[in-house]
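Residues per chain are reported as follows:
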Amino acid sequence: EDQVTQSPEALRLQEGESSSLNCSYTVSGLRGLFWYRQDPGKGPEFLFTLYSAGEEKEKERLKATLTKKESFLHITAPKPEDSATYLCAVQAAGNNRKLIWGLGTSLAVNP
Amino acid sequence: EAGVTQSPTHLIKTRGQQATLRCSPISGHTSVYWYQQALGLGLQFLLWYDEGEERNRGNFPPRFSGRQFPNYSSELNVNALELEDSALYLCASRGSTGSQAFFGQGTRLTVV
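Here the protein sequences come in this chain order: U and G.
Note that the working numbering has the first sequence beginning at 1, numbered continuously upward.
Note that the working numbering has the second sequence beginning at 1, numbered continuously upward.
The hints are all genuine.
Straight-line Cα separation of at most 20 Å, EDC-like style, residue types lysine to aspartate or glutamate; simulated pairs: (1) K68(U) x E1(U); (2) K59(U) x D39(U); (3) K69(U) x E55(U); (4) K98(U) x E51(G); (5) K98(U) x E75(G); (6) K13(G) x E75(G); (7) K98(U) x E54(G); (8) K13(G) x E82(G); (9) K79(U) x E58(U); (10) K79(U) x D39(U); (11) K98(U) x D50(G); (12) K98(U) x E53(G); (13) K59(U) x E17(U); (14) K69(U) x D2(U); (15) K63(U) x E45(U); (16) K13(G) x D85(G); (17) K42(U) x D85(G); (18) K59(U) x E81(U).
Calculated from the structure, these hints are not laboratory results.
It should be emphasised that the depicted structure is a prediction, and the values quoted were computed from it without experimental measurement.
Can you build the whole structure from these sequences, using the hints too?
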């Protein structure tokens, strides 16, 4: 069964303390892996798409990487405004375009 | 370019009533996804529409239904509302397969 697992469930960092969030997936052929940021009570905001192992994408303090089994979202020198829930989703190969979502990592960055 | 728009922003209903939520996708996007997100929980897949057809549905009872119109906008209907239906309902649209989904800001449904 296709599955996405995110860890840790929650993470608390001090401002400037770099860390990584993990998204492990089990799918029958990866069509794409997507990272989103969600603020409380709002819709998820798209961050990155990764398609193949070895691919990397960067945006400000965020960098996403992909292997054949997992993806990491690295946060370098985070600021309080990076506090949010980070969601990962995958699409398996095939005709079904259903997105499979992880439960997210809730990140809190203290000043 | 306009993003995904959802209406209403907030909706308060009484148990047993019906609720109708609306979603307008990004221009050119043919796929619309509906999700339920209860407070503090993850995204629960409800329904997926593409080219006017229902393509997949999640593990929700039949009182959750919807449709997609010829202009690709979509409507989610929830009949016989229960207290547990209180949640943020999110709509997302996608263009081609493999592309990212874009979300609206959601409809906060409260059942009292």
